[in-house]
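Asks: Listed below are the residues making up each chain.
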Amino acid sequence: MNPFAAVGRAFITFLRTAGKLGIFGFHGVRHIFAPPFYMRLIGQQIMSIGYYSLPVVGLTALFTGMVLALQIYIGGSRFNAESLVANIVVLGITRELGPVIGALMVAGRVSAAMAAEIGTMRVTEQIDALTTLSTNPFKYLVAPRLLAATLMMPLLVLIADIIGVMGGYIVGTGKLGFNEATYLQTTYDFLEASDVVSGLVKAAVFGFIIALMGCYHGFHSQGGAQGVGRATTNAVVSASILILFANYLVTELFFSK
Amino acid sequence: MNDVPKIRLQGVQKRFGPKVVLDGVDLEIPRGKSLVVIGGSGTGKSVMIKCVLGLMRPEKGSIQIDGEETVGLRGDARDRLMRKFGMLFQGAALFDSLRVWENVAFGLIQGRGMGRVQAKKLAQEKLGQVGLGAEVGELFPAELSGGMQKRVALARAIAAEPEIIFFDEPTTGLDPIMADVINDLIVHCVEQLGATTLSITHDMASARKIADRVAMIHKGKIIWTGPVEEVDRSGNPFVDQFIHGRAEGPIHMEVRRP
Chain E
1 MNPFAAVGRA FITFLRTAGK LGIFGFHGVR HIFAPPFYMR LIGQQIMSIG YYSLPVVGLT
61 ALFTGMVLAL QIYIGGSRFN AESLVANIVV LGITRELGPV IGALMVAGRV SAAMAAEIGT
121 MRVTEQIDAL TTLSTNPFKY LVAPRLLAAT LMMPLLVLIA DIIGVMGGYI VGTGKLGFNE
181 ATYLQTTYDF LEASDVVSGL VKAAVFGFII ALMGCYHGFH SQGGAQGVGR ATTNAVVSAS
241 ILILFANYLV TELFFSK
Chain V
1 MNDVPKIRLQ GVQKRFGPKV VLDGVDLEIP RGKSLVVIGG SGTGKSVMIK CVLGLMRPEK
61 GSIQIDGEET VGLRGDARDR LMRKFGMLFQ GAALFDSLRV WENVAFGLIQ GRGMGRVQAK
121 KLAQEKLGQV GLGAEVGELF PAELSGGMQK RVALARAIAA EPEIIFFDEP TTGLDPIMAD
181 VINDLIVHCV EQLGATTLSI THDMASARKI ADRVAMIHKG KIIWTGPVEE VDRSGNPFVD
241 QFIHGRAEGP IHMEVRRP
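Taken in order, these protein sequences are the chains called E and V.
Letter by letter, the first sequence follows residues 1 to 257 in this note's numbering.
Letter by letter, the second sequence follows residues 1 to 258 in this note's numbering.
In case anyone wonders, no lab produced these hints; they're calculated from the structure.
It cannot be assumed that every hint is accurate.
[Claimed, not checked] Quick list of the computed label-pair ranges, beta carbon to beta carbon:
{"id": "1", "chain 1": "E", "residue 1": "LYS20", "chain 2": "V", "residue 2": "GLN192", "range": "39 to 45 angstroms"}
{"id": "2", "chain 1": "V", "residue 1": "ARG208", "chain 2": "E", "residue 2": "ARG230", "range": "38 to 44 angstroms"}
{"id": "3", "chain 1": "E", "residue 1": "LEU59", "chain 2": "V", "residue 2": "ASP184", "range": "53 to 59 angstroms"}
{"id": "4", "chain 1": "E", "residue 1": "MET39", "chain 2": "V", "residue 2": "ASP212", "range": "42 to 48 angstroms"}
[What the hints assert, rightly or not] Not close to chain V: a few residues of chain E, all C-beta gaps over 12 angstroms, as computed:
{"id": "5", "residue": "LEU41"}
{"id": "6", "residue": "TYR52"}
{"id": "7", "residue": "MET121"}
{"id": "8", "residue": "HIS220"}
{"id": "9", "residue": "PHE254"}
Backbone N, C-alpha and C fix where the C-beta goes; we use that ideal spot for every residue, glycine too.
Using the sequences and the accompanying hints, generate a full structural model.
Replies: Printed below as a string of C-alpha cells:
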C-alpha cells in the first residue's frame, strides 16, 4: 500500500465530508427561515432538548462548581491565594465549564438520540416516505432540531451557571469556612457581563453543533442496525470534538486583544 | 393528450460507483393501467421506482410524467409533481412516533395544509376502506401486526387520492392469505381511484392479481413486457425461469457452492 495514496485518500475524504456537512448545515439553516414552520415540532424539540436535559446539566454543573471550589482552595493554599475561590469559581463556570461541560453532556444525550431517531427513519425508509408525502425532510426533521438546540443551549447554560456557582458557594461556605455574605458579594463584584455573554454565545454555537451532528449522521446512516449504531457513535464523538474546537475559536474571538 | 403515457422512462441509467444498476430502462404505462415489474433481488427494481419518485437522480435518460420531463425537477415544480404520487413502501415505513390516523392523514395535514379534525375524519374513512376500524387509528404502528401495518400504509398511500401509486413489494413478509387480502385491497382501491400504478414484486401471485401488464427487469434492463395473460407463454427463457422459480436457467444467482 502506498502511504502517500492513503494520506491523499484520507485528505480527500475529509474535504468531501466537510463539504457535505457545510451544504447540509446551509440547507438546515435555510429551512429554519423559510415557511412552512412546524411549530408543534419545534415545541416538541424545545421540550426534549431543553426541559429534559435540565436534570443532567444541573447535576453536572452542581458537582463541577463544588469540585472547582475545592481544587482552587487546595491549589491556591500553596501560594496563599485561598481567598480567590469565589472569583475563580464564577469566572471558570460562566466562561468555560458551564458551557463546555453542559454542552458535552447534552451532546451525549441529545446528539445520540437525534442520530438514532433519524438514522432509524433513514434505514426504514421513513425519510423517503416523508418526501413522497410532499414534506421536505430538512424542514420537518432538521430545521426544528437545529432551531430548538440553538435556542435552548444558552438557557440551559444560564441555569447551569447559576447552579455551578451555587455549588461553589455550598462548598465554600459549608466546608471551607467562607462567610456567606462575603462569598456572594465577591462573586457579584467580580463578575462582568462579558463573562456571561461569552458563555451564552458559546452555548448557542454548541447547541447548533450538537443538533447538526445528530441530524447529519442520522441522515446519512446506512446499513441497518449497525449503521444506526455507527451514526450514533459518530454523532457524539464529532459533536464533542467540534464543541472543544469551537470553544477555542469563540474564546479567541471574545478575549483576544 | 390521452395518447401520452402517464409514465414514460427512456434510456434511464443509474450507477453506484462502478456498479451499473439501471442500464437504459425503457418503460411506458398508459393512464389508468397497472404495470408490475418483476425481477430478482438486486436487479434494479427499487432503484427504478426511486428514480421515478425523484428520490434518486439518474445519470442519463428521461422520466416523463404526463409528458413532462421530471429528471432534475426542483422546488415548487417538484412539490406539484409529488402531489400526484402515493407510495406503499416494502416495510410500510410508518412513522413510529405518530398514531395510525396521523400517519394516514400525514400527507393531508403536512403536505396540503388540511385541518387536523377534517384530516382525522378522512383518515378514518380511508382506514375503513382497507378494513380497519376507527379504534385502530388511535394505536401506534408498533402495536400493529405486519399485515395491519401494510393496510395502514395502503390507506396512507391512497389518502390524498393520488393519480399515480407505487407499490414496492406490497406482499413481502406476509402469509399467503394476508398477501391475498392486500392484493384484493390494492385492486379495489386502485379501481375506485382510477389511478395509474407501478409495482415491483417477486411474488408472482401478487403480480398476476394486480397487473394489467408485466415487465421483467434483469441486470438493469427491461428484457420483456407484455399483458399479464401472456406471462406464461412469453417465450422468454428468463421470464419462464423466474415465474416458475427454477434454479436452472439463463439467470445465474451468484452463490458460492460449498
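Asks: Which of the stated hints cannot be reconciled with the structure, identified by number in ascending sequence?
Replies: 5 and 7
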